[in-house]
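There are 2 protein chains.
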Amino acid sequence: MHSWVDGQPAHAVPLKDRGLAYGDGLFETIAVKAGQPVLLDRHLQRLDEGCRRLAIVADQTLIRSELQAYAAALGEGVLKLILTRGDSLRGYGTHAGAVARRILQGSPPATYPQAHGSSGIRLFACATRLSEQPLLAGLKHLNRLEQVIARSEWRDTEHAEGLMLDMSGRVIEGVFSNLFLIRDGMLLTADLSRCGVAGVMRAELLAQAQALGIALTVADITLEQLQEADEVFVCNSVYGIWPVRGCGAMSWSVGPLTRKLQGIVRALLDI
Amino acid sequence: MHSWVDGQPAHAVPLKDRGLAYGDGLFETIAVKAGQPVLLDRHLQRLDEGCRRLAIVADQTLIRSELQAYAAALGEGVLKLILTRGDSLRGYGTHAGAVARRILQGSPPATYPQAHGSSGIRLFACATRLSEQPLLAGLKHLNRLEQVIARSEWRDTEHAEGLMLDMSGRVIEGVFSNLFLIRDGMLLTADLSRCGVAGVMRAELLAQAQALGIALTVADITLEQLQEADEVFVCNSVYGIWPVRGCGAMSWSVGPLTRKLQGIVRALLDI
Numbered sequence: 023m024h025s026w027v028d029g030q031p032a033h034a035v036p037l038k039d040r041g042l043a044y045g046d047g048l049f050e051t052i053a054v055k056a057g058q059p060v061l062l063d064r065h066l067q068r069l070d071e072g073c074r075r076l077a078i079v080a081d082q083t084l085i086r087s088e089l090q091a092y093a094a095a096l097g098e099g100v101l102k103l104i105l106t107r108g109d110s111l112r113g114y115g116t117h118a119g120a121v122a123r124r125i126l127q128g129s130p131p132a133t134y135p136q137a138h139g140s141s142g143i144r145l146f147a148c149a150t151r152l153s154e155q156p157l158l159a160g161l162k163h164l165n166r167l168e169q170v171i172a173r174s175e176w177r178d179t180e181h182a183e184g185l186m187l188d189m190s191g192r193v194i195e196g197v198f199s200n201l202f203l204i205r206d207g208m209l210l211t212a213d214l215s216r217c218g219v220a221g222v223m224r225a226e227l228l229a230q231a232q233a234l235g236i237a238l239t240v241a242d243i244t245l246e247q248l249q250e251a252d253e254v255f256v257c258n259s260v261y262g263i264w265p266v267r268g269c270g271a272m273s274w275s276v277g278p279l280t281r282k283l284q285g286i287v288r289a290l291l292d293i
Numbered sequence: 023m024h025s026w027v028d029g030q031p032a033h034a035v036p037l038k039d040r041g042l043a044y045g046d047g048l049f050e051t052i053a054v055k056a057g058q059p060v061l062l063d064r065h066l067q068r069l070d071e072g073c074r075r076l077a078i079v080a081d082q083t084l085i086r087s088e089l090q091a092y093a094a095a096l097g098e099g100v101l102k103l104i105l106t107r108g109d110s111l112r113g114y115g116t117h118a119g120a121v122a123r124r125i126l127q128g129s130p131p132a133t134y135p136q137a138h139g140s141s142g143i144r145l146f147a148c149a150t151r152l153s154e155q156p157l158l159a160g161l162k163h164l165n166r167l168e169q170v171i172a173r174s175e176w177r178d179t180e181h182a183e184g185l186m187l188d189m190s191g192r193v194i195e196g197v198f199s200n201l202f203l204i205r206d207g208m209l210l211t212a213d214l215s216r217c218g219v220a221g222v223m224r225a226e227l228l229a230q231a232q233a234l235g236i237a238l239t240v241a242d243i244t245l246e247q248l249q250e251a252d253e254v255f256v257c258n259s260v261y262g263i264w265p266v267r268g269c270g271a272m273s274w275s276v277g278p279l280t281r282k283l284q285g286i287v288r289a290l291l292d293i
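Going down the list, the protein sequences come from chains A and P. Under my numbering, think of the first position of the first sequence as 23, with each following residue one higher. Under my numbering, think of the first position of the second sequence as 23, with each following residue one higher.
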C-alpha cells in the first residue's frame with residue numbers, strides 16, 4: 023500500500039524535514055486488524071504526551087482520522103506513523119509557525135515464529151546501556167541510535183530480543199519491547215522516568231492487571247530481582263507477549279500469569 | 023543551489039531512510055570559501071570515525087570528491103552533508119548490504135552579527151543537561167533532540183549561544199559550539215568521552231595551540247573552573263570564534279589569547 027505524507031500518497035520527504043536532520047519527531051507502530059488500528063486511543067495518548075513534552079504542534083483529531091482511514095485501507099498489517107516537527111530553517115532553533123509532518127507507512131503483518139509466543143524466547147544480554155535523560159524518557163521519539171547499536175550486537179536467531187540496562191545497571195526494557203517480571207503473583211515493570219520507551223502494550227497490561235486485581239509495581243529493577251523472578255515476559259503492541267525462558271545464565275519457566283495475560287492480549291490482537 | 027542525493031540533484035529522501043526513522047546517521051556542517059570546503063580533512067576524519075563507530079559503510083573517497091564538487095559549485099556559503107545508513111528493512115536491525123545515503127545541501131553564508139566576534143557574546147545557562155552515552159560521545163550523529171530542546175530554552179537575542187552541562191554537572195559545550203577556557207595562559211576544553219560533539223574547529227584549535235606551544239588540557243571542567251577562568255570563548259567551523267563575556271552571574275573580559283586564536287581562525291575562514 024502507498025505511504026501517505028500529510029494525507030496524500032507520497033514516497034519521500036523534503037530534505038529540510040527536521041525528522042531527518044535531528045530525529046526531531048515521534049513515531050508509533052500500530053497493529054492493524056480487520057481494518058482497525060489496535061489500541062488506537064493509547065497510541066494517540068502517548069503521541070499527544072510526546073507532542074506536549076517536545077512542543078510539537080499537531081492536529082490530534084486529524085491524526086486520528088488519518089490513522090483510521092489508512093488502517094481501513096490496509097486491512098491487516100502494521101501501520102507506522104512518523105510525526106516530525108516539519109521543516110527546518112537553519113540550525114536547532116524552532117519557529118512558532120512550524121507545522122508537524124504526518125507520515126504513514128503500512129506493511130504486511132509481522133512474521134515472527136509462532137514458537138516465540140508458545141514456547142518463549144531467550145534474551146541477548148546487550149552491552150549497550152541506555153543513557154539517562156528525563157526530558158526524553160518514556161517517549162517514542164526518533165532518536166533511536168542506542169536501539170540500533172543494541173540490536174546490532176547479535177545476529178543469531180537463538181535470541182529473539184535483547185535485554186537493556188541503564189547506565190547505572192538497572193534493568194529497563196528490551197530493544198523493541200517492554201519487560202515484565204512476576205514474583206509471588208505480583209507484576210513488576212521498570213520505572214521509565216530516566217530512560218526507556220513507555221510502550222502502549224505495557225500501558226494496556228498495567229490497566230488490565232489493575233482491572234483484574236493483580237498486584238503491580240512500577241519501580242527500579244535490579245539484576246538480582248530479574249534473576250529471582252518466577253516468570254519473565256516481554257511485550258509490544260505488534261507481537262503481544264513473548265514469555266522469556268532465559269538470558270545469559272539466567273532461566274525462567276513459562277508460568278500461569280504470563281499465560282493468562284497472553285490470553286487477554288491475544289484477544290486484543292486477534293492472534 | 024540544488025541539493026544532491028547520492029550525487030544527483032534531488033529535493034527529497036525515501037520514507038524508508040533510516041536517518042528519518044531513527045536518526046541513524048551522521049552530519050557535517052562545512053564552511054565553503056572561494057569554492058573550497060574549509061577544514062575538509064578534519065570533517066572527513068570525524069565522519070570516518072563516526073562511520074567506523076556506528077558501522078556505517080560509506081565510500082570516503084567518493085564523499086570527498088562530491089564535497090569538493092558541490093563546494094566548487096556553491097562558491098561561498100555553508101555545505102551540509104547528511105550521511106544516513108540508507109534504507110531500512112523493518113525494525114532496528116541493520117543488514118550487511120545497506121548502502122549509506124549521501125545528502126548534500128547548500129545555503130548562503132551565515133549571517134551572525136559582526137559584534138559576536140568583536141565584542142563577544144553572552145551564553146544562556148541551559149537547564150537541559152546532556153545525557154552520558156560513551157558509544158555516541160564525540161560523534162556528530164543525527165540524534166539531536168537534546169540540542170533542539172536546549173535551543174528552545176531562550177528566544178531573546180541577548181544570548182547568542184547556550185551553555186550545556188552534563189547530567190553530573192560538568193561543563194561540556196555550547197548547543198552548537200565547543201567551549202574553551204583560558205586560565206594562566208593555558209587552554210582548557212572539556213573531555214568528550216561521555217557526551218558532547220567533538221567539533222572540527224575544536225580539533226583545529228587544539229592542533230594550532232600545540233603548534234604554537236600553548237599549554238592545553240582536555241579534561242572534565244567544573245562550574246567553579248568556568249567561573250574562575252581568565253577568558254572564555256566558543257567556537258565552531260562556521261562562525262569561527264566568539265569570545266564569551268558572560269553567562270548568568272558569571273562574567274569575563276575578552277583577553278589576548280582569545281584574540282590571538284581569533285586571528286588564526288579568521289585567516290582560515292577568511293572572515
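These are calculated hints, taken from the structure and not from any lab test. A few of these clues could be false.
Listed next, with one range per pair, are the computed distances between beta-carbon atoms [unchecked claim]: (1) P:G119 with A:A32: 22 to 30 Å; (2) A:G191 with P:L84: 38 to 46 Å; (3) P:E246 with A:P278: 41 to 49 Å; (4) P:A229 with A:P130: 49 to 57 Å; (5) A:L157 with P:Q247: 24 to 32 Å; (6) P:A132 with A:P130: 20 to 28 Å; (7) A:A271 with P:R86: 31 to 39 Å; (8) P:A132 with A:L245: 34 to 42 Å; (9) P:R288 with A:A241: 22 to 30 Å; (10) P:D292 with A:A32: 40 to 48 Å; (11) P:D28 with A:S87: 33 to 41 Å; (12) P:D81 with A:A32: 28 to 36 Å; (13) A:L245 with P:G235: 45 to 53 Å.
All C-beta atoms, glycine included, are put in the ideal place defined by N, C-alpha and C.
Cross-check of the supplied hints:
1. P:G119 with A:A32: 22 to 30 Å: For A32 (chain A) against G119 (chain P), whose Cβ atoms are near 26 Å apart, the range 22 to 30 Å holds.
2. A:G191 with P:L84: 38 to 46 Å: The hinted range 38 to 46 Å holds for G191 (chain A) and L84 (chain P), with Cβ atoms some 42 Å apart.
3. P:E246 with A:P278: 41 to 49 Å: Between E246 (chain P) and P278 (chain A), where Cβ atoms are some 58 Å apart, the hint is violated.
4. P:A229 with A:P130: 49 to 57 Å: holds (53 Å)
5. A:L157 with P:Q247: 24 to 32 Å: holds (26 Å)
6. P:A132 with A:P130: 20 to 28 Å: This hint is violated: roughly 46 Å between Cβ atoms.
7. A:A271 with P:R86: 31 to 39 Å: violated (48 Å)
8. P:A132 with A:L245: 34 to 42 Å: Given a distance of about 49 Å, which is not inside 34 to 42 Å, the answer is violated.
9. P:R288 with A:A241: 22 to 30 Å: violated (56 Å)
10. P:D292 with A:A32: 40 to 48 Å: holds (41 Å)
11. P:D28 with A:S87: 33 to 41 Å: For D28 (chain P) and S87 (chain A) the Cβ distance comes to about 36 Å; the hint holds.
12. P:D81 with A:A32: 28 to 36 Å: Distance hint for D81 (chain P), A32 (chain A) holds at roughly 29 Å.
13. A:L245 with P:G235: 45 to 53 Å: The hinted range 45 to 53 Å holds for L245 (chain A) and G235 (chain P), with Cβ atoms some 51 Å apart.
Against the hints set out earlier in the document, violations occur for numbers 3, 6, 7, 8, 9.
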